[in-house]
Amino acid sequence: MDEKMGMARITTQRCMECGQTGTVLVQMSDYLEWMGGKLIQHAFPTLSDGLREQLITGTHPECWDKMFPPEEEEEFGEDEVYPIHQGLPI
1 MDEKMGMARI TTQRCMECGQ TGTVLVQMSD YLEWMGGKLI QHAFPTLSDG LREQLITGTH
61 PECWDKMFPP EEEEEFGEDE VYPIHQGLPI
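So for the sequence shown, the numbering used here puts the first residue at 1; every next one is plus one.
These are calculated hints, taken from the structure and not from any lab test. Just so it is clear, the structure is predicted and the values come from calculations on it, not from any experiment. Careful, some of the hints might be misleading.
Unchecked claim - Distance windows between CB atoms, simulated:
| # | residue 1 | residue 2 | range |
| --- | --- | --- | --- |
| 1 | 36 | 71 | 33 to 41 Å |
| 2 | 28 | 70 | 29 to 37 Å |
| 3 | 7 | 61 | 16 to 24 Å |
| 4 | 20 | 71 | 24 to 32 Å |
| 5 | 29 | 72 | 36 to 44 Å |
Stated by the list, open to error - When the alpha-carbon atoms are kept at most 20 Å apart in a straight line, the in silico SDA-like pairs for lysine to any residue are as follows:
| # | residue 1 | residue 2 |
| --- | --- | --- |
| 6 | 66 | 19 |
| 7 | 66 | 16 |
| 8 | 38 | 56 |
| 9 | 38 | 24 |
| 10 | 66 | 27 |
| 11 | 66 | 56 |
| 12 | 38 | 49 |
| 13 | 66 | 38 |
| 14 | 66 | 21 |
| 15 | 38 | 20 |
| 16 | 38 | 53 |
| 17 | 66 | 12 |
| 18 | 38 | 21 |
| 19 | 66 | 49 |
| 20 | 38 | 27 |
| 21 | 38 | 55 |
| 22 | 38 | 8 |
| 23 | 38 | 6 |
| 24 | 38 | 52 |
| 25 | 66 | 46 |
| 26 | 66 | 9 |
Ideal Cβ placement from N, Cα and C applies to all residues, glycine included.
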């Protein structure tokens, strides 16, 4: 951990996707709260979900996206029936 002006540079464990470590820069006070048992989402409310995941598992946000790509949403035309309404009286 590298302390500078109230900040902590956390070196994370190796990412399961790429095998590299990473670093996340956080407020020292937030880090101490997390180490003291506060839930990560409450200790680091301004940190992205991806960076919180990196702190927990070491998985970089971009590696997470490679492992679990976002699902594409289907687009329906105006005259198409949405699957939820098929066979149901409207």
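How the hints compare with the structure:
no. : hint                : in the structure
1   : 36 - 71: 33 to 41 Å : holds (37 Å)
2   : 28 - 70: 29 to 37 Å : holds (33 Å)
3   : 7 - 61: 16 to 24 Å  : holds (20 Å)
4   : 20 - 71: 24 to 32 Å : holds (27 Å)
5   : 29 - 72: 36 to 44 Å : holds (41 Å)
6   : 66 - 19             : holds (14 Å)
7   : 66 - 16             : holds (11 Å)
8   : 38 - 56             : holds (13 Å)
9   : 38 - 24             : holds (18 Å)
10  : 66 - 27             : violated (28 Å)
11  : 66 - 56             : holds (18 Å)
12  : 38 - 49             : holds (16 Å)
13  : 66 - 38             : violated (29 Å)
14  : 66 - 21             : holds (17 Å)
15  : 38 - 20             : violated (27 Å)
16  : 38 - 53             : holds (15 Å)
17  : 66 - 12             : holds (19 Å)
18  : 38 - 21             : violated (24 Å)
19  : 66 - 49             : holds (16 Å)
20  : 38 - 27             : holds (14 Å)
21  : 38 - 55             : holds (14 Å)
22  : 38 - 8              : holds (17 Å)
23  : 38 - 6              : holds (19 Å)
24  : 38 - 52             : holds (13 Å)
25  : 66 - 46             : violated (24 Å)
26  : 66 - 9              : violated (25 Å)
Checked against the numbered hints above, the structure breaks hints 10, 13, 15, 18, 25 and 26 and satisfies the rest.
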